[in-house]
Amino acid sequence: MSAVFLLYILIFFVDRSLFGNSIGFFFTIIVRIVPIFLLVFILMTIANLFITRRVIVKYFRKRGIEKWFFVIGAGILSTGPIYLWYPLLAELREKGVSYGYLATFLYNRAIKVPLLPVALFYFGLKYVIVLTLMMIFFSVIQGMLINKLVPTDSRLST
Amino acid sequence: MRPELKTDRTSLNDDFAGRMTRAVVKSARAMSRLLPIIIGAILLVSLINSLIPKSFYLQFFRRNMLFDSLIGSVIGSISAGSPLTSYVLGGEFLKNGVSISAVTAFLVAWVTVGMVQLPVELMTLGRRFAIVRNLTAFIFAIVVGIMTMLILHIV
Numbered sequence: 001m002s003a004v005f006l007l008y009i010l011i012f013f014v015d016r017s018l019f020g021n022s023i024g025f026f027f028t029i030i031v032r033i034v035p036i037f038l039l040v041f042i043l044m045t046i047a048n049l050f051i052t053r054r055v056i057v058k059y060f061r062k063r064g065i066e067k068w069f070f071v072i073g074a075g076i077l078s079t080g081p082i083y084l085w086y087p088l089l090a091e092l093r094e095k096g097v098s099y100g101y102l103a104t105f106l107y108n109r110a111i112k113v114p115l116l117p118v119a120l121f122y123f124g125l126k127y128v129i130v131l132t133l134m135m136i137f138f139s140v141i142q143g144m145l146i147n148k149l150v151p152t153d154s155r156l157s158t
Numbered sequence: 001m002r003p004e005l006k007t008d009r010t011s012l013n014d015d016f017a018g019r020m021t022r023a024v025v026k027s028a029r030a031m032s033r034l035l036p037i038i039i040g041a042i043l044l045v046s047l048i049n050s051l052i053p054k055s056f057y058l059q060f061f062r063r064n065m066l067f068d069s070l071i072g073s074v075i076g077s078i079s080a081g082s083p084l085t086s087y088v089l090g091g092e093f094l095k096n097g098v099s100i101s102a103v104t105a106f107l108v109a110w111v112t113v114g115m116v117q118l119p120v121e122l123m124t125l126g127r128r129f130a131i132v133r134n135l136t137a138f139i140f141a142i143v144v145g146i147m148t149m150l151i152l153h154i155v
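In order, the protein sequence lines correspond to chains F and A. Here our numbering is used: the first residue of the first sequence is 1, the next is one more, and so on. Here our numbering is used: the first residue of the second sequence is 1, the next is one more, and so on.
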């Protein structure tokens, strides 16, 4: 952000008109998205309160077709940076969870419930519904494909 | 009996209050980490919007679904950061005339292809898994972009 600030300071001295237009556009966007950020904050808090690692691990213990649904749900509901989840996924892998389920989990992490208000604001309800369903569908396709392409003992090849 | 029940309830309330406080603090920390990035991205988008005419973006996109989605997926794959930033950027791309298939591929690749975290993924989950997962995610971003556009035309 500091680089962008420096750029703005430079533009302020070089081209006042460009600076004015850019700042004007910036505030137009900010005013539009502030209420959405408040909603995002509330949803993030709810997710942090109820969706814990213990809940996610429980989902992975299910069996059969039911497991796909739970893995999709776990991916969608999981929060926090992705790198925090890698150790847990590696542990689940060691315990026999196949790579396909891990891939489906990771793909569904792309669907962020707390960020839905922002997506709705920019792209509309119809688009968000279609994209979400497409992503869930392709997460399962990817999971099945990876189950075929990545043998369970491939981790040993690293 | 009653005082014990009361103690149990108080303890449950205290536990929930503690969890609530931790959840609020965690969200506040996440937002405080995100906000400078979002503000920086919006400042940059605002500058680009004022500086570059809409026709500039369109020259990269040939109104060909496959090519546009490919470009969107490439840009999304090499970008990093919160999905919130990708929504803001994607929304502005759309306003500037970039096709929905390209924007969708961009959004999907941003969150499913992890070039920045690839080394960690390689180390923790294995080389073959990480490469196959990211490669298929890149291809699927293009497919999702095209299919989303087609479905939106139909429904």
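Since the hints were derived computationally from the structure, they do not count as laboratory data. Cβ coordinates follow ideal geometry from the N, Cα and C atoms, glycine included. Treat each hint with caution, since some may be false.
What the hints assert, rightly or not - Beta-carbon label-pair distances, calculated as ranges:
#1 A:Val25 to F:Gly24: 32 to 38 angstroms
#2 F:Val55 to A:Ala17: 16 to 22 angstroms
#3 F:Lys148 to A:Leu152: 42 to 48 angstroms
#4 F:Arg63 to A:Gly18: 43 to 49 angstroms
#5 F:Arg63 to A:Thr21: 35 to 41 angstroms
Claimed, not checked - Away from chain A, derived, C-beta distances all over 10 angstroms, residues of chain F:
#6 Arg53
#7 Ile65
#8 Phe138
Here is how each hint holds up against the structure:
Between Val25 (chain A) and Gly24 (chain F) the C-beta distance comes to about 35 angstroms, which sits within the given range of 32 to 38 angstroms. At about 20 angstroms, the CB distance of Val55 (chain F) to Ala17 (chain A) agrees with the hint of 16 to 22 angstroms. Distance hint check: the CB atoms of Lys148 (chain F) and Leu152 (chain A) are about 31 angstroms apart, inconsistent with the given range 42 to 48 angstroms. Distance hint check for Arg63 (chain F) and Gly18 (chain A): the Cβ-Cβ separation is about 35 angstroms, which falls outside the suggested range of 43 to 49 angstroms.
The supplied range of 35 to 41 angstroms is met by Arg63 (chain F) and Thr21 (chain A), whose beta-carbon atoms lie about 37 angstroms from each other. Every CB of chain A lies more than 10 angstroms from the CB of Arg53 (chain F), the least distance being 13 angstroms, so the non-interface label holds. Distance check for Ile65 (chain F) against chain A: the nearest CB is about 21 angstroms away, which clears 10 angstroms, and the non-interface claim stands. With a closest Cβ-Cβ approach of about 5 angstroms to chain A, Phe138 (chain F) is found to fall inside the 10 angstroms limit, against its non-interface label.
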